[in-house]
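Student: Line order of the protein sequences matches chains A and B.
Each step along the first sequence adds one to the number in the working numbering, with nothing skipped, and position 88 is 88.
Each step along the second sequence adds one to the number in the working numbering, with nothing skipped, and position 29 is 29.
A portion of the hints provided could be inaccurate.
[Said to hold, decoys possible] Covered by chain A, according to a simulated footprint, are these stretches of chain B (three or more residues, beta-carbon under 8 Å):
(1) 38-46
(2) 49-62
(3) 99-110
(4) 169-183
(5) 229-235
[What the hints assert, rightly or not] Using 25 Å as the maximum straight-line C-alpha spacing, the simulated SDA-like pairs for lysine to any residue come out as follows:
(6) B:LYS2 / A:GLN112
(7) A:LYS91 / A:VAL165
(8) B:LYS2 / A:ARG223
[What the hints assert, rightly or not] Restraint ranges, calculated between C-beta atoms of paired labels, are given here:
(9) A:PRO65 / B:ALA30: 22 to 32 Å
(10) A:LEU99 / B:VAL14: 45 to 55 Å
(11) A:LEU109 / B:PRO173: 40 to 50 Å
(12) A:ALA303 / B:LYS2: 32 to 42 Å
(13) B:PRO169 / A:GLU156: 53 to 63 Å
(14) A:ASP84 / B:GLY110: 26 to 36 Å
(15) A:VAL295 / B:ALA30: 50 to 60 Å
(16) A:ASN79 / B:ARG83: 18 to 28 Å
(17) B:PHE251 / A:ARG115: 17 to 27 Å
(18) A:LEU292 / B:VAL66: 50 to 60 Å
(19) B:ARG26 / A:ARG222: 32 to 42 Å
No wet-lab data here; the hints were simulated from the structure.
Fair warning: this is a prediction, and the values are worked out from it, not measured in the lab.
All C-beta atoms in this analysis are idealised placements derived from N, C-alpha and C, irrespective of residue type, glycine included.
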Amino acid sequence: MSNTLGVRPAPARTLIRPRPRRRLPGLVGFAYAAPAAVIVGLFFLLPLGLVVWMSLNKWPLLAPPTFNAPDNYLQIAENELVLDAVVFTLKYTAVVTVLLFAVSFGLALLVQDRRRGVGFFRGAFFLPAAVGWATATLLFFGLLSDQIGPLNGILEWLGLIDAPVSWTAGDPDVAFGSTVVLVIWRWAGFNMLILLTGLQSIPTEIYEAARADGASRTYIFRRITLPLMRPTIALVLCLMVTGSMLGFEQFYILTRGGPGSSTTSVVMVIVREAFVRFNLGSAAAMSVLVLLALVALNALQLAFIRRRS
Amino acid sequence: MKRLTMAVLAVLFVYPIVWSGWSSVRLGDAFSLDSYRKLANYGEGVGTYLTNTVVLVVLTVAGTLVVATFAGYAFARFRFPGRGLLFVLILAILMVPYPTILIPLYVLLGWLGLQDSLIGLALVMIMLQLPFAVFMMRNAFESVPRTLDEAAMIDGCNSFSALTRVLLPAVLPGLVTVGLFAFLASWNDYVAPLILISSNDRFTLPVAVVNMRLHNFGAVDYPTMQAGVVFMALPCLVIFLALQRYYVRGFMSGALRG
Numbered sequence: 001m002s003n004t005l006g007v008r009p010a011p012a013r014t015l016i017r018p019r020p021r022r023r024l025p026g027l028v029g030f031a032y033a034a035p036a037a038v039i040v041g042l043f044f045l046l047p048l049g050l051v052v053w054m055s056l057n058k059w060p061l062l063a064p065p066t067f068n069a070p071d072n073y074l075q076i077a078e079n080e081l082v083l084d085a086v087v088f089t090l091k092y093t094a095v096v097t098v099l100l101f102a103v104s105f106g107l108a109l110l111v112q113d114r115r116r117g118v119g120f121f122r123g124a125f126f127l128p129a130a131v132g133w134a135t136a137t138l139l140f141f142g143l144l145s146d147q148i149g150p151l152n153g154i155l156e157w158l159g160l161i162d163a164p165v166s167w168t169a170g171d172p173d174v175a176f177g178s179t180v181v182l183v184i185w186r187w188a189g190f191n192m193l194i195l196l197t198g199l200q201s202i203p204t205e206i207y208e209a210a211r212a213d214g215a216s217r218t219y220i221f222r223r224i225t226l227p228l229m230r231p232t233i234a235l236v237l238c239l240m241v242t243g244s245m246l247g248f249e250q251f252y253i254l255t256r257g258g259p260g261s262s263t264t265s266v267v268m269v270i271v272r273e274a275f276v277r278f279n280l281g282s283a284a285a286m287s288v289l290v291l292l293a294l295v296a297l298n299a300l301q302l303a304f305i306r307r308r309s
Numbered sequence: 001m002k003r004l005t006m007a008v009l010a011v012l013f014v015y016p017i018v019w020s021g022w023s024s025v026r027l028g029d030a031f032s033l034d035s036y037r038k039l040a041n042y043g044e045g046v047g048t049y050l051t052n053t054v055v056l057v058v059l060t061v062a063g064t065l066v067v068a069t070f071a072g073y074a075f076a077r078f079r080f081p082g083r084g085l086l087f088v089l090i091l092a093i094l095m096v097p098y099p100t101i102l103i104p105l106y107v108l109l110g111w112l113g114l115q116d117s118l119i120g121l122a123l124v125m126i127m128l129q130l131p132f133a134v135f136m137m138r139n140a141f142e143s144v145p146r147t148l149d150e151a152a153m154i155d156g157c158n159s160f161s162a163l164t165r166v167l168l169p170a171v172l173p174g175l176v177t178v179g180l181f182a183f184l185a186s187w188n189d190y191v192a193p194l195i196l197i198s199s200n201d202r203f204t205l206p207v208a209v210v211n212m213r214l215h216n217f218g219a220v221d222y223p224t225m226q227a228g229v230v231f232m233a234l235p236c237l238v239i240f241l242a243l244q245r246y247y248v249r250g251f252m253s254g255a256l257r258g
């Protein structure tokens, strides 16, 4: 080190200088990674441990916690609101995943070739995904409203309905349908873009060779496109299932979980348990269960993709 | 036929956005900016909510860029104890659904004296951005030839000045993508501020505007609410149209291999 000579090196323009990277490579690398390590430790690992600890305690919002395991978990099984929410969330996930996937894949196939003007349509389909999710939900709430929304007027003019329909607070099935339409409108372009990158990574030579061999378009789609798209399709399905299982805004904002509690999702129940009923311990227990279920589901899907590919 | 299908679908997808803009400037059958005037005076004043949101966005974008740049540099160029473990832990953030850790985070931020604070919220937003951001920056640094920083070190740079003077310009596209996604997440997120912020004068725009729908006493003021929607959506739409390239880059590298 130059400091042992008692002389500091000239600040710049010295050609030969000791390189700290060579001397303490481990420490230098660690120092650069340290801020990320602190954030991960403090705001990810610690809360993960804390949520498990909280789930074993009676944890009111404002009073000190007391250990009560396994009461929080036992109470979940008796809570009908939770069971209804689980059933509803699973039903919602199934419907949304099927419909959203069909629309997204359809759009991706429509805009996959690079003809003139296709870029414009890609942009148009993606446009709703550029708007924030809560913003899009609020936009839809206005669009579907009887006060300023155009929908009832258009449908009455077309003769499809006789009287204005309440799209978010009348019939439970109609409210459910509204959330599904909202999700498709906001997320189809997003998933289309992921599927499109998968479609475009298939080499064109494979298609050309198949066509030269006289393969039909259905045959090419089923035997070439689908198998080669498997990893991308798996990723998109994974995102859709996880996203739907954790659905919150589309219910909390658009339908307020109603009519009644017919569109109340699991995450809505957790938030209500914590910040309306002030039962943080019981909300933590529900969180732990959701977390385990989703991690298991994701691990299962990952293993499935690995095995297939 | 295909063109016609695409055109009809494009109208269906774009129409709600156009309608929102249109309905926010209508009062009955006439043009009016009345709803924007009401929006300006809504609650604590839209200026307060905008300031809070901008503070959150600046803290999140700056924090994400700094942390992810250093971490990406560390993962791409150095070997250090715990390197593999840390990388796996950062990616594991993606595996854990974030609504489920917001409840312990609420308690934890209270212990740290960051309850009801935009700084605490920004730290949480930075954590949520890390998997994508670190992955992106590591790839960006790895695609820069090592000879570039080695030459800089021979010229007298240490690892830090090699990073700031030579490498940063080379990873600029990655920085723009990371910054863009951090901006969109912090500008738009609803659930984290809903749970972690409790004072009205610290609300961000999404929480404040959604409250027009949730905490109305009787009647929802629809035109003002749509003005709020437009106010929140417009920056996102402008940025999308201006930076499409970086959007797609984020999808190609971040999403597909995650």
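Student: Each of the hints needs a verdict: does it hold here or not?
Tutor: Right, here's what the structure says about each hint:
1. Check on the region 38-46 of chain B: 0 of its residues sit with their Cβ under 8 Å from a Cβ of chain A, so the three-residue criterion for coverage is violated.
2. Coverage of the region 49-62 of chain B by chain A is violated [criterion: at least 3 residues with CB-CB distance below 8 Å; count 0].
3. Restraint check on the region 99-110 of chain B versus chain A: 9 residues with Cβ-Cβ distances below 8 Å, three needed, restraint holds.
4. With 0 residues bearing a CB less than 8 Å from a CB of chain A, the region 169-183 of chain B misses the requirement of three and the coverage assertion fails.
5. Only when three residues or more bring their CB closer than 8 Å to a CB of chain A does the claim for the region 229-235 of chain B stand; here the count is 3, and the claim holds.
6. The straight-line distance between the Cα atoms of B:LYS2 and A:GLN112 is roughly 12 Å, inside the 25 Å bound, and the hint therefore holds.
7. Proposed proximity of A:LYS91 and A:VAL165 is supported: the alpha carbons are some 24 Å apart, at most 25 Å.
8. For the hint linking B:LYS2 to A:ARG223, the alpha-carbon distance of about 23 Å falls within 25 Å, and the restraint holds.
9. In this structure the hint that A:PRO65 and B:ALA30 lie 22 to 32 Å apart at CB is violated, the actual value being about 58 Å.
10. Separation of A:LEU99 from B:VAL14 is about 20 Å and departs from the stated range, judged on CB atoms against 45 to 55 Å.
11. Checked against the hint of 40 to 50 Å, the C-beta distance between A:LEU109 and B:PRO173 comes to roughly 30 Å, which is inconsistent with it.
12. Between A:ALA303 and B:LYS2 the beta carbon distance is about 38 Å. The supplied range of 32 to 42 Å therefore holds.
13. A hinted range of 53 to 63 Å holds for the C-beta pair B:PRO169 and A:GLU156, which are about 60 Å apart.
14. Between A:ASP84 and B:GLY110 the C-beta distance comes to about 31 Å, which sits within the given range of 26 to 36 Å.
15. A beta carbon spacing of about 55 Å between A:VAL295 and B:ALA30 agrees with the range 50 to 60 Å that was offered as a hint.
16. Distance hint for A:ASN79 and B:ARG83: a CB-CB separation of about 44 Å, inconsistent with the stated range 18 to 28 Å.
17. In this structure the hint that B:PHE251 and A:ARG115 lie 17 to 27 Å apart at CB holds, the actual value being about 21 Å.
18. For A:LEU292 and B:VAL66, the hinted distance range of 50 to 60 Å is not satisfied, since their beta carbons lie about 34 Å from each other.
19. Restraint check, B:ARG26 to A:ARG222: a C-beta distance of roughly 50 Å breaks the suggested window 32 to 42 Å.
Violated hints, in rising order: 1, 2, 4, 9, 10, 11, 16, 18, 19; the structure is consistent with all others.
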